[in-house]
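**Q** Use these hints to put chain B onto chain A, whose structure you have.
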Amino acid sequence: MRSHVCGYALPFLLMLAPLGCSFSDSSESISHSISSPFESISASISSSSPGGAERAYREDVRDYTQTYVTSGGDFQAYQADLAKIAQRHGISNWEENMTTYVGMGEGLAKATVTDAQFMAYKRTLSGNDPKKMDAIQKGYDSAR
Amino acid sequence: MTKGVLLAALIVPLAARAATPCFVDYLYVDANEGSASGGHVAIRFGDRVYHFQHHQPGVLRLHRDDARHFFYTYGILQNRTISVSHIATSEATCALLRDRFSARYLIQSKQFDVLETLRADRALLETLLAHRRRAAHGDAGGAGGDQAVRLRGAGFFFGDHTDLSETGDAGHPVALAQSGETATPLVELRALVQRRYGEDFIRQRIGEIERELSHMRPNDSDPVGVDISEDTYPAVGYSFSAKYNDLMVGLMALHALSVATPLQPGTYYTPSHSEFHLEVEERAALRAYAERLSGELVRLVASARPDWGFALLIGMARLVALQYSLDLGRLVFLDAFPPDHQVIARTTIEQHRDIMPDLLDEARDELQRARTRVFARSEIREAEFSELEAASNRFLALSTAITQGRDLPVYAGRLLPSRQAVRADIIIPALSEAQLVRSLAQARGRERAYAEQLQRMYRYNLFNKNCVSEIFRDINLSFVGENSGNTHADEIAACGVRETREHIKTESMERLGGYIAPGWSLNFIPFVSVMEVDSAYNVVDTEEHPSQRKARLAEMYRQENRFVAYLRESNVITSTIYRRQQDDSMFLFFTDDIVAPRPIFGVFNLVTGLVTGAVGLALLPADGGHTLVSGLRGVLFSLPELAFFNIRKGSFDYVSRQYCQGLCEPAEAANGTEETVARADPGPANRTRGGSPASLRYQ
Numbered sequence: 001m002r003s004h005v006c007g008y009a010l011p012f013l014l015m016l017a018p019l020g021c022s023f024s025d026s027s028e029s030i031s032h033s034i035s036s037p038f039e040s041i042s043a044s045i046s047s048s049s050p051g052g053a054e055r056a057y058r059e060d061v062r063d064y065t066q067t068y069v070t071s072g073g074d075f076q077a078y079q080a081d082l083a084k085i086a087q088r089h090g091i092s093n094w095e096e097n098m099t100t101y102v103g104m105g106e107g108l109a110k111a112t113v114t115d116a117q118f119m120a121y122k123r124t125l126s127g128n129d130p131k132k133m134d135a136i137q138k139g140y141d142s143a144r
Numbered sequence: 145m146t147k148g149v150l151l152a153a154l155i156v157p158l159a160a161r162a163a164t165p166c167f168v169d170y171l172y173v174d175a176n177e178g179s180a181s182g183g184h185v186a187i188r189f190g191d192r193v194y195h196f197q198h199h200q201p202g203v204l205r206l207h208r209d210d211a212r213h214f215f216y217t218y219g220i221l222q223n224r225t226i227s228v229s230h231i232a233t234s235e236a237t238c239a240l241l242r243d244r245f246s247a248r249y250l251i252q253s254k255q256f257d258v259l260e261t262l263r264a265d266r267a268l269l270e271t272l273l274a275h276r277r278r279a280a281h282g283d284a285g286g287a288g289g290d291q292a293v294r295l296r297g298a299g300f301f302f303g304d305h306t307d308l309s310e311t312g313d314a315g316h317p318v319a320l321a322q323s324g325e326t327a328t329p330l331v332e333l334r335a336l337v338q339r340r341y342g343e344d345f346i347r348q349r350i351g352e353i354e355r356e357l358s359h360m361r362p363n364d365s366d367p368v369g370v371d372i373s374e375d376t377y378p379a380v381g382y383s384f385s386a387k388y389n390d391l392m393v394g395l396m397a398l399h400a401l402s403v404a405t406p407l408q409p410g411t412y413y414t415p416s417h418s419e420f421h422l423e424v425e426e427r428a429a430l431r432a433y434a435e436r437l438s439g440e441l442v443r444l445v446a447s448a449r450p451d452w453g454f455a456l457l458i459g460m461a462r463l464v465a466l467q468y469s470l471d472l473g474r475l476v477f478l479d480a481f482p483p484d485h486q487v488i489a490r491t492t493i494e495q496h497r498d499i500m501p502d503l504l505d506e507a508r509d510e511l512q513r514a515r516t517r518v519f520a521r522s523e524i525r526e527a528e529f530s531e532l533e534a535a536s537n538r539f540l541a542l543s544t545a546i547t548q549g550r551d552l553p554v555y556a557g558r559l560l561p562s563r564q565a566v567r568a569d570i571i572i573p574a575l576s577e578a579q580l581v582r583s584l585a586q587a588r589g590r591e592r593a594y595a596e597q598l599q600r601m602y603r604y605n606l607f608n609k610n611c612v613s614e615i616f617r618d619i620n621l622s623f624v625g626e627n628s629g630n631t632h633a634d635e636i637a638a639c640g641v642r643e644t645r646e647h648i649k650t651e652s653m654e655r656l657g658g659y660i661a662p663g664w665s666l667n668f669i670p671f672v673s674v675m676e677v678d679s680a681y682n683v684v685d686t687e688e689h690p691s692q693r694k695a696r697l698a699e700m701y702r703q704e705n706r707f708v709a710y711l712r713e714s715n716v717i718t719s720t721i722y723r724r725q726q727d728d729s730m731f732l733f734f735t736d737d738i739v740a741p742r743p744i745f746g747v748f749n750l751v752t753g754l755v756t757g758a759v760g761l762a763l764l765p766a767d768g769g770h771t772l773v774s775g776l777r778g779v780l781f782s783l784p785e786l787a788f789f790n791i792r793k794g795s796f797d798y799v800s801r802q803y804c805q806g807l808c809e810p811a812e813a814a815n816g817t818e819e820t821v822a823r824a825d826p827g828p829a830n831r832t833r834g835g836s837p838a839s840l841r842y843q
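Order-wise, the sequence lines are chains A and B. Position one of the first sequence corresponds to residue 1 (this note's numbering), numbered consecutively onward. Position one of the second sequence corresponds to residue 145 (this note's numbering), numbered consecutively onward.
Worth flagging that the hints you see were computed from the coordinates, not collected in a lab. For each residue, glycine too, the CB sits at the ideal point set by N, CA and C. Among the clues, some could well be false.
Result set (SDA-like, lysine to any residue): computed pairs, CA atoms no more than 25 Å apart in a straight line [unchecked claim]:
(1) A/K131 - B/R525
(2) A/K84 - B/E356
(3) A/K84 - B/E440
(4) A/K138 - B/S522
Not everything, but these chain A residues come out facing chain B in the computed CB check (under 7 Å) [stated by the list, open to error]:
(5) T67
(6) G73
(7) Q76
(8) Q79
(9) A80
(10) I91
The following block holds chain A by itself, in its conformation from the complex (with noise of 0.2 Å):
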């Protein structure tokens, strides 16, 4: 059960609001700024099951596609941003990687697309690899 809030800690609530924001002193890795030296070390922190790490990279793909979509861009912009996304989950070859096309496919859904402009990037985001073009149909139709 929470504690009440004496009417005399008020004062000292009011002098630590300053503080009250997590102050992080990373200016690299936002997502991973580390609270001790050994916080890094637990590997088991670090890493999330398999199935987990491949759902948090479909699901980046996939939010950072629906984005591209609905605000334009350049493509190449686009393809570089995603190979920093798959780097960042420890894939280099993101291009051999069908979970990237399951979240583009989902992506496109997110972004309501409608069904000329999907066969569109369908065919521009696999280059027209029949098995790319699949597993983005496939992440469009768990999608929609």
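**A** Here is chain B on its own, set in the frame of chain A:
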């Protein structure tokens, strides 16, 4: 049906009741000395937590963390109790809120990414100008910056080359020194490429890239509009520096392939530990993977995507390491620590000698799990192989640090081989000195203007732009334009401020059961905000996840005489749970688990702080003020205790797996199935009302 779900069914507004109830969690992290002394707040959607952190220089940034990592960092290591308020709403509202925070995170991340890109553009122009001046006048002429570029991935095949006296004619790279040795897998790969694309393909591609680099022009127009917005994803093109770097990396990859360069010494490991021994079937699996990898690399050589060069370098390096593995019968793997990894000094390792065996066991277990995952599949995939590389790196680094007394490299993010080569023998685009000077001036201006915009837009403000207010603001803004697709600014332009605010309020009342207005109220204080959430929104259940120390104490009280256990654990001298960390202030008694004697203990803590401060004054020349600061902080955090108020709780820099409240086990072991990972309960909690967590469906 549990009480919590019943309650949700009763109070979730009618409009939402037709849909399946869903829960969004508001997290309050208790105060402790350190970076969030007044507490902290976050919002959780399933296994993702979003929270705002204050970055230098006074900027508020949105973080996204894995929920287990968040609970581990704050609850276990920082020893803070975390309260969770489960807000019942509809699936549609959960999705709306989650999408809003996700979009906000992506947009802000990209905006800061753009700033880094502008910095990189400026740095590259400085480098190019330095080279141009050196070629023309014999010196860099104050161009500023480095005269080499960092080529990620190239370090596996090439050493650093920064001796400008050997760059020769700017425009062509130095002939890469060859030892005469070749890597057999790359000889074979080269043959495959030539068979597929033609004998001259590699040479032709090298020529094309060199020409493309020579003809590159900086993009002198502004890559993004002057008015950047929190709601709009920056639509920027492929930047000058990113394209230049990608082309240079591709060039190095093709050079490595054309002469089948062997791996650079020191870029891979061939440990003889039994943990790396390969069974017959594992070798067969790696052989098959190497064959498939070769096929992927053949396709990659002709890829048009920007990062093909980096992927080709890493793939080729892995191919060579795989061959070494097959030859030796044990796993040979690439160094995967990035250039910006942190280091734990050997002296710190020595001070923590008692926990190192536990850490090594953990790393060994993770290595074994990674091996199992890689070889369990019928075909090895890069994702699992990458995890095996990472686990191998961490285990070997720990083992070496312990047995050989070395510094320990650590890195909190995902490990992926990316060894860089620092090279000054780069291709210089055919731009005159005057053109480069003009472009550099524009790049500096763009960088400065953009940095100022970001600073203005995300400037931290105690009352109305802090880690609490931004969560409420984003919750409210989720309800703007959910049908029209309008941004907040568009909606205000179309409907006016008052109408927009009324619309938000109505939607919030319907969807969440209440409305919290960010702005000028006391709810900018984390503790006050959680009381407001509990009273305003449809909170159907609350949980308290006790801090590390409290959880351990509770266990001790169950197993021992409570009074004896309390006496032992009440102070830092006899406590078996807590070991003083150098970042903690100096104190004697814990006061977070008692109330009545708090002021008395506070006096002792105050005196401890004062004495430490006095000693610190004497030690000032020797320790740089560390003891003095510890004492002063000890005094500061003792003052609230005199008034029955507790902030300080101590912290931990490592917690053994057995005391991690389930957070230190991998998600699959902790929760049993992949299905339950998405609904992972981050640890034991005390429930104040409602059902068990398994009965609550998390989005």
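**Q** Does each hint fit the structure? Answer for all of them.
**A** Status of the hints after comparison with the structure:
no., hint, verdict
1, A/K131 - B/R525, "holds (16 Å)"
2, A/K84 - B/E356, "holds (23 Å)"
3, A/K84 - B/E440, "holds (19 Å)"
4, A/K138 - B/S522, "holds (22 Å)"
5, T67, "holds (5 Å)"
6, G73, "holds (4 Å)"
7, Q76, "holds (4 Å)"
8, Q79, "holds (5 Å)"
9, A80, "holds (5 Å)"
10, I91, "holds (6 Å)"
Going down the numbered hints, you'll see the structure goes against none, and every one checks out.
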